[in-house]
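Asks: Each chain, letter by letter, is given below.
Protein chains: 2
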Amino acid sequence: MSASKKTAAADDPKDRFIKIGIIGGGQLARMLALSGHPLGINFVTLEPAADACAAAVAEHVIGDYDDRGKLEEFASKVDVVTYEFENVPAESVKYLSEKKLPVYPPPQALAVSRDRLKEKTLFRELGIPTPNFSAVGNIEDLKTAVETIGLPAVLKSRTLGYDGKGQAVIKSKNEIENAWERVGKVDCILEGFIAFTREISVIAVRSREGEIRYYPVSENTHKNGILHVAIHSPNDPLQSLAEDYGRRLLEHLDYVGVLALELFVVDGATLMANEIAPRVHNTGHWTIEGAATSQFENHIRAVAGLPLGGTTVPNSCAMVNFIGEIPPAASVLEIKGAHFHDYGKFAKSGRKLGHATICRNTRNDVIAGVDEILALSDIS
Amino acid sequence: MSASKKTAAADDPKDRFIKIGIIGGGQLARMLALSGHPLGINFVTLEPAADACAAAVAEHVIGDYDDRGKLEEFASKVDVVTYEFENVPAESVKYLSEKKLPVYPPPQALAVSRDRLKEKTLFRELGIPTPNFSAVGNIEDLKTAVETIGLPAVLKSRTLGYDGKGQAVIKSKNEIENAWERVGKVDCILEGFIAFTREISVIAVRSREGEIRYYPVSENTHKNGILHVAIHSPNDPLQSLAEDYGRRLLEHLDYVGVLALELFVVDGATLMANEIAPRVHNTGHWTIEGAATSQFENHIRAVAGLPLGGTTVPNSCAMVNFIGEIPPAASVLEIKGAHFHDYGKFAKSGRKLGHATICRNTRNDVIAGVDEILALSDIS
Chain A
209 MSASKKTAAA
219 DDPKDRFIKI
229 GIIGGGQLAR
239 MLALSGHPLG
249 INFVTLEPAA
259 DACAAAVAEH
269 VIGDYDDRGK
279 LEEFASKVDV
289 VTYEFENVPA
299 ESVKYLSEKK
309 LPVYPPPQAL
319 AVSRDRLKEK
329 TLFRELGIPT
339 PNFSAVGNIE
349 DLKTAVETIG
359 LPAVLKSRTL
369 GYDGKGQAVI
379 KSKNEIENAW
389 ERVGKVDCIL
399 EGFIAFTREI
409 SVIAVRSREG
419 EIRYYPVSEN
429 THKNGILHVA
439 IHSPNDPLQS
449 LAEDYGRRLL
459 EHLDYVGVLA
469 LELFVVDGAT
479 LMANEIAPRV
489 HNTGHWTIEG
499 AATSQFENHI
509 RAVAGLPLGG
519 TTVPNSCAMV
529 NFIGEIPPAA
539 SVLEIKGAHF
549 HDYGKFAKSG
559 RKLGHATICR
569 NTRNDVIAGV
579 DEILALSDIS
Chain B
209 MSASKKTAAA
219 DDPKDRFIKI
229 GIIGGGQLAR
239 MLALSGHPLG
249 INFVTLEPAA
259 DACAAAVAEH
269 VIGDYDDRGK
279 LEEFASKVDV
289 VTYEFENVPA
299 ESVKYLSEKK
309 LPVYPPPQAL
319 AVSRDRLKEK
329 TLFRELGIPT
339 PNFSAVGNIE
349 DLKTAVETIG
359 LPAVLKSRTL
369 GYDGKGQAVI
379 KSKNEIENAW
389 ERVGKVDCIL
399 EGFIAFTREI
409 SVIAVRSREG
419 EIRYYPVSEN
429 THKNGILHVA
439 IHSPNDPLQS
449 LAEDYGRRLL
459 EHLDYVGVLA
469 LELFVVDGAT
479 LMANEIAPRV
489 HNTGHWTIEG
499 AATSQFENHI
509 RAVAGLPLGG
519 TTVPNSCAMV
529 NFIGEIPPAA
539 SVLEIKGAHF
549 HDYGKFAKSG
559 RKLGHATICR
569 NTRNDVIAGV
579 DEILALSDIS
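Top line first, the protein sequences correspond to chains A and B.
Residue numbering for the first sequence follows the numbering used here, starting at 209 and increasing by one per position.
Residue numbering for the second sequence follows the numbering used here, starting at 209 and increasing by one per position.
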């Protein structure tokens, strides 16, 4: 322990506390702020919506992500910047960097994650298996790609895709034209369709000093292209392989913060990378109650230059998303081992309004708990 | 599961969320608000200080606790009221009750806990052992009490005492006059001095429906009359006795919320009640990371009329207070299993500025961790 470590921190909290700026003011920003306040960190969010749900726990700057004046105001208030979504305008990140404000995760991670072609190309370069893919810039490219990749295949816009948006499955050649229309005739990639047995994700965090920690992988199921249930998978046989792929990405990108890597499990033993998210991730929400340190706190620790916290998970746990509608808190909290999160957003079809976490002694008990929660949210 | 449970909650978050008013805006209010936001609860604090540390995570009304105008403003914003300290003016509580605002824990718990004479008398009525005591209203009473109780004894003001304030130890008869001066010649009780082997506390929570849950007891040590270290004591031989005493108080007071009961362990097997706190308590701060549901979240659940959460503690854990000065976050977080809390307050001698929690697999490992934290805060 060095002598300097024994010095007391500043008397004035303003001199002890750092301010983290978060681009975006949704539920991820909200949960980041809630996890960071105990550490003595204050938060400023930037988002166009006045009723951004993170505003209840952060200073909120209302502004477009590319509004120079608002960016300047936001930048003047903070010591370091992070973000809750990958579609942050590159120009805005460049502007913040010119202001000498550190942006974590680093801009190169944003550049890769918001462009599926760059992302898949990087997977390939790093020896991480990924479905066959081909760049598509026009209908002729698409027809050629279908010949190369084969059918079924999935056409995905290179940028701005999330929660299943900007995607079209092509099962036969007569669907090609229609798929091209549906994705909006934008730059795309065509991906070979993967017959996977499970979808998993690994959440990893890397500190400014290069230390890496991994959470146990999560098994994920989707509904209408949106994550619905994530179940913590302890001692997963593919844990170390998933960590190895995560490490390659984190080190190549000189990454700081939480990274989520989504993977398809093929034939029970092969992992194929689907995509990365350079941020805290919906499949890691169960770490709030389930892990020694949540993904949110570890992201904040990394961004703030603090040592990382433990990622062990003493119990079994899982998470269920509430999409479009949300049950009353009391009905969820009656369930043994359940925790409830209401993001404070207006209900709207397809919108993530909150989630429940369930922690119990065994995986079977957790799966039974997931069913109890699903029974509540199955209102139709 | 009743059909009504399957109804979705309101579309507008304003109609889903309740607002809890907290009298006081210090670290307890701050930690209450941080634990309640995920549940979809908003908070309004009332405190005279503009820089109240809870203001970062709550709407803050700046006002004296007995300022009618401010109380009216505060009351108009909230659905239910709780408090973070027991010296809330009785008149203010009466005013809020007249406004038909529920106040939890109930006013009778406040009345008992802010008056040591009422408190000790209630212990006796409920069959809970407590040190011998005698009411003291003047110097003659004190002299008589010394004859009855014997020496050494402790003279304590009936009201407004906390963190060792308003107390004077009397070891010999020639210290009587001086002790009377030191406590300020106010209404007091004289208590027999207890040769205890340990100080423990049990934290219990009771819901509006009367369900009670208990946390494992905490072993506590003080420094200059202020709590310094609290260590979770799993499978404590006195756990069930402590719970029994807690239950008697909770049921007698028709209590709602978290109650802390401080106890002296005498001869290893007898518990003597020292005092109660009708609120979340410093000896339960380790429940934030250590327990399935923290004391803060369970207090909020109780006050909001929600089902209580689990109180099991999967690991061993402990808490160290930072009093007067606080080490840098990084020096604490370097310690394995450590979590850090900075309340955001100006440093001042004797002031609680933050705390660290340590969670490890075994009690011995936790005690070693406490020593590592103490080494950091021992700056002198």
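No wet-lab data here; the hints were simulated from the structure.
Treat each hint with caution, since some may be false.
Note that identical chains are pooled: a pair holds if it fits in a single copy or bridges any two copies.
[What the hints assert, rightly or not] Mimicking BS3-like on lysine-lysine, the simulated pairs with C-alpha atoms at most 25 Å apart in a straight line are: (1) 393 - 278; (2) 222 - 307; (3) 308 - 556; (4) 393 - 227; (5) 222 - 560; (6) 302 - 285; (7) 381 - 560; (8) 222 - 351; (9) 285 - 227; (10) 351 - 326; (11) 544 - 222; (12) 285 - 326; (13) 381 - 227; (14) 307 - 560; (15) 285 - 381; (16) 544 - 285; (17) 222 - 379; (18) 227 - 351; (19) 326 - 393; (20) 381 - 302; (21) 560 - 227; (22) 379 - 393; (23) 431 - 351; (24) 222 - 326; (25) 373 - 285; (26) 393 - 544; (27) 544 - 307.
Asks: First find the shortest C-alpha distance between residue 307 and residue 560 inside one copy, then the shortest across copies, and answer within, between, both or neither for a cut-off of 25 Å.
Replies: So residue 307 and residue 560 fail the 25 Å test inside a copy (34 Å) and across (37 Å) alike.
Asks: Classify it for me, residue 373 with residue 285: is the Cα-Cα distance of at most 25 Å met within a copy, between copies, both or neither?
Replies: neither (34 Å within a copy, 41 Å between copies)
Asks: Given a CA cutoff of 25 Å, do residue 222 and residue 307 count as a within-copy pair, a between-copy pair, both, or neither?
Replies: within (21 Å within a copy, 38 Å between copies)
Asks: Have a look at residue 381 and residue 560 and pick one of within, between, both or neither, based on CA distance no larger than 25 Å.
Replies: Answer is neither; intra-copy 35 Å and inter-copy 70 Å both fail.
Asks: Given a CA cutoff of 25 Å, do residue 544 and residue 222 count as a within-copy pair, a between-copy pair, both, or neither?
Replies: neither (41 Å within a copy, 27 Å between copies)
Asks: State whether the alpha carbon distance between residue 285 and residue 227 is at most 25 Å within one copy, between copies, both, or neither.
Replies: The answer is within: 7 Å in one copy meets 25 Å, while 29 Å across copies does not.
Asks: Please sort residue 393 with residue 278 into within, between, both or neither, judging by C-alpha distance up to 25 Å.
Replies: This pair counts as neither: shortest intra-copy Cα distance 33 Å, inter-copy 60 Å.
Asks: Reference check for the pair residue 544 and residue 307, CA-CA at most 25 Å: within, between, both, or neither?
Replies: neither (49 Å within a copy, 36 Å between copies)
Asks: Treating 25 Å as the Cα threshold, decide for residue 222 and residue 351: within, between, both or neither.
Replies: neither (60 Å within a copy, 51 Å between copies)
Asks: When no copy is specified for residue 431 and residue 351, does a C-alpha distance of 25 Å or less occur within a copy, between copies, both, or neither?
Replies: neither (29 Å within a copy, 77 Å between copies)
Asks: Treating 25 Å as the Cα threshold, decide for residue 302 and residue 285: within, between, both or neither.
Replies: within (17 Å within a copy, 43 Å between copies)
Asks: I want to check one pair: residue 560 and residue 227. Are their C-alpha atoms no more than 25 Å apart within a copy, between two copies, both, or neither?
Replies: Result: close only across copies, 22 Å inter versus 27 Å intra.
Of the numbered hints given earlier, the model fails hints 1, 3, 4, 7, 8, 11, 12, 13, 14, 15, 16, 17, 18, 20, 23, 24, 25, 26 and 27; all others are met.
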